[in-house]
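**Student:** Listed here are the chains, written in short residue letters.
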Amino acid sequence: DIQMTQSPASLSASLGETVSIECLASEDIYSNLAWYQQKPGKSPQLLIYYASSLQDGVPSRFSGSESGTQYSLEINSLQPEDEGDYFCQQSYKFPYTFGAGTKLELK
Amino acid sequence: EVKLQQSGDELVRPGASVKISCKASGYTFTSYSMHWVKQRPGQGLEWIGAIIPIIDTTEYNQKFKGKATLTADKSSNTANMELSRLTSEDSAVYYCAITTTGYFDYWGQGVMVTVSS
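Protein chains in written order, with the numbering used here: chain B, 1 to 107; chain F, 108 to 224.
The following block holds chain F by itself, in its conformation from the complex (with noise of 0.2 Å):
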């Protein structure tokens, strides 16, 4: 069975940085690309961007650039994203997910990242 287990949720300080974790299993870990999706409460979704951990090669939507940093570790079957330079606007659900079929068929459970002093 297909399963992306994310961290913990995060309260941090503006002008912090945070980093998430997205462990995987039932599944080849290098052989599906891991995406990063934003959700703001009450609001849409937002595709961050993509890392393919056999490669190491990242695709970033241009809006998380410099904001966003995907790496992935396949010692541990673990896609990490960190945030950095905190601020309200950040404050959010993070998403990872993976495409098998090209489309987001498997989910993490969402990690809530509130940024506050």
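The shape of chain B in the complex, shown without the other chains (with noise of 0.2 Å):
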């Protein structure tokens, strides 16, 4: 199974910073890499999409990397909105896999 290394574990940041998530494939996934943000109590929502395509009504201060086999999540301009948990997700082979998260706290 492709494993996926997601740092850091949380975060904690002011309104208007800009933070960086990242997430390490254990092998190459060819840009097959998606972003989700999820609230407590709610389902996960998609993000970005092909490692830096954004989804429909996702705000333009979210955006997606890659370098190599090491893939970036970067969220400009903190909002409040923007408290949640982040994962990552490679769709290139089954079993489709996640990282652990991201926890993203607003000080």
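Please keep in mind that the hints were generated in silico from the structure rather than gathered at the bench.
Model, not experiment: these values are computed from the prediction.
Worth double-checking, as some hints may not be accurate.
[Stated by the list, open to error] Once the Cα atoms are required to be at most 30 Å apart in a straight line, the calculated DSSO-like pairs of lysine-lysine come out as:
(1) B:103 / F:181
(2) B:93 / F:172
(3) F:174 / F:110
(4) F:181 / F:126
(5) F:170 / B:103
(6) B:42 / F:126
(7) B:39 / F:126
(8) F:181 / B:93
(9) F:174 / B:93
(10) F:170 / B:93
(11) F:110 / B:42
(12) F:126 / F:174
(13) F:170 / F:181
(14) B:39 / F:110
(15) F:110 / F:172
(16) F:174 / B:42
(17) B:93 / F:126
(18) B:107 / F:172
[To be verified] Partial chain F-side listing against chain B, Cβ under 7 Å, derived:
(19) 122
(20) 149
(21) 154
(22) 208
(23) 212
(24) 214
(25) 217
[Stated by the list, open to error] Here are the computed distance ranges between Cβ atoms for each label pair:
(26) B:68 / F:121: 42 to 50 Å
(27) F:170 / B:52: 37 to 45 Å
(28) F:137 / B:56: 22 to 30 Å
(29) B:61 / F:108: 21 to 29 Å
(30) F:180 / B:11: 40 to 48 Å
(31) B:50 / F:194: 35 to 43 Å
(32) F:162 / B:17: 31 to 39 Å
(33) B:15 / F:149: 24 to 32 Å
(34) B:9 / F:159: 33 to 41 Å
(35) F:122 / B:10: 32 to 40 Å
(36) F:149 / B:106: 34 to 42 Å
For every residue, glycine included, the Cβ atom is placed at its ideal position computed from N, Cα and C.
Build the complex from these two chains, which are given one at a time in their own frames, with help from the hints.
**Tutor:** Have a look at this one:
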């Protein structure tokens, strides 16, 4: 199975700051990566797909990038509604696998 | 509007089975595969498997083979997942989701399964 190593596990930042979350794939997944946001008690929501494509309706302050097998989610100008858990997921090969998640809190 | 409406929360005894449903609306049910994802309390997400309704083909995560059985009823636009021989390790929220873009872009609201005597 492809392992997705996500970091950091938790993150605390202030309103207006820029933060970055990373996911390292254990093998090449050829950009087949998505990022999801999950709020407490809610289903995950797709933010970014194919590493850097913004899902419809997602604010442009979210962006994705890649470098080799390392994938990043950047959130610019943090807003209160950005608090939550973030997960990466590879869809290159079955079984699909997720990162362990990053909990983002606003100071 | 695409909607995936899942059945209600379940409390089940250890060793028993449970069947969870996911009723799809707002799109052609046979157009997309239906996936199932497990999330234990405070933990990450695990992909259980998927079913392609139009041809009734399934793909399972090896970890869940023998534990989960996926079916689809085209007449009612409903996907089902049966979990068998339940233990405390199966206590979790279970989501259905479809991939119209190749990624999980629509999710059900989740079903909490609690295994307890």
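**Student:** For each hint, tell me whether it holds in the structure or not.
**Tutor:** Here is what the structure says about each hint:
no.: 1; hint: B:103 / F:181; in the structure: 39 Å, violated
no.: 2; hint: B:93 / F:172; in the structure: 17 Å, holds
no.: 3; hint: F:174 / F:110; in the structure: 26 Å, holds
no.: 4; hint: F:181 / F:126; in the structure: 17 Å, holds
no.: 5; hint: F:170 / B:103; in the structure: 26 Å, holds
no.: 6; hint: B:42 / F:126; in the structure: 21 Å, holds
no.: 7; hint: B:39 / F:126; in the structure: 26 Å, holds
no.: 8; hint: F:181 / B:93; in the structure: 27 Å, holds
no.: 9; hint: F:174 / B:93; in the structure: 21 Å, holds
no.: 10; hint: F:170 / B:93; in the structure: 15 Å, holds
no.: 11; hint: F:110 / B:42; in the structure: 15 Å, holds
no.: 12; hint: F:126 / F:174; in the structure: 12 Å, holds
no.: 13; hint: F:170 / F:181; in the structure: 27 Å, holds
no.: 14; hint: B:39 / F:110; in the structure: 19 Å, holds
no.: 15; hint: F:110 / F:172; in the structure: 28 Å, holds
no.: 16; hint: F:174 / B:42; in the structure: 25 Å, holds
no.: 17; hint: B:93 / F:126; in the structure: 27 Å, holds
no.: 18; hint: B:107 / F:172; in the structure: 43 Å, violated
no.: 19; hint: 122; in the structure: 26 Å, violated
no.: 20; hint: 149; in the structure: 10 Å, violated
no.: 21; hint: 154; in the structure: 4 Å, holds
no.: 22; hint: 208; in the structure: 6 Å, holds
no.: 23; hint: 212; in the structure: 5 Å, holds
no.: 24; hint: 214; in the structure: 4 Å, holds
no.: 25; hint: 217; in the structure: 6 Å, holds
no.: 26; hint: B:68 / F:121: 42 to 50 Å; in the structure: 45 Å, holds
no.: 27; hint: F:170 / B:52: 37 to 45 Å; in the structure: 30 Å, violated
no.: 28; hint: F:137 / B:56: 22 to 30 Å; in the structure: 23 Å, holds
no.: 29; hint: B:61 / F:108: 21 to 29 Å; in the structure: 26 Å, holds
no.: 30; hint: F:180 / B:11: 40 to 48 Å; in the structure: 43 Å, holds
no.: 31; hint: B:50 / F:194: 35 to 43 Å; in the structure: 37 Å, holds
no.: 32; hint: F:162 / B:17: 31 to 39 Å; in the structure: 48 Å, violated
no.: 33; hint: B:15 / F:149: 24 to 32 Å; in the structure: 26 Å, holds
no.: 34; hint: B:9 / F:159: 33 to 41 Å; in the structure: 35 Å, holds
no.: 35; hint: F:122 / B:10: 32 to 40 Å; in the structure: 37 Å, holds
no.: 36; hint: F:149 / B:106: 34 to 42 Å; in the structure: 20 Å, violated
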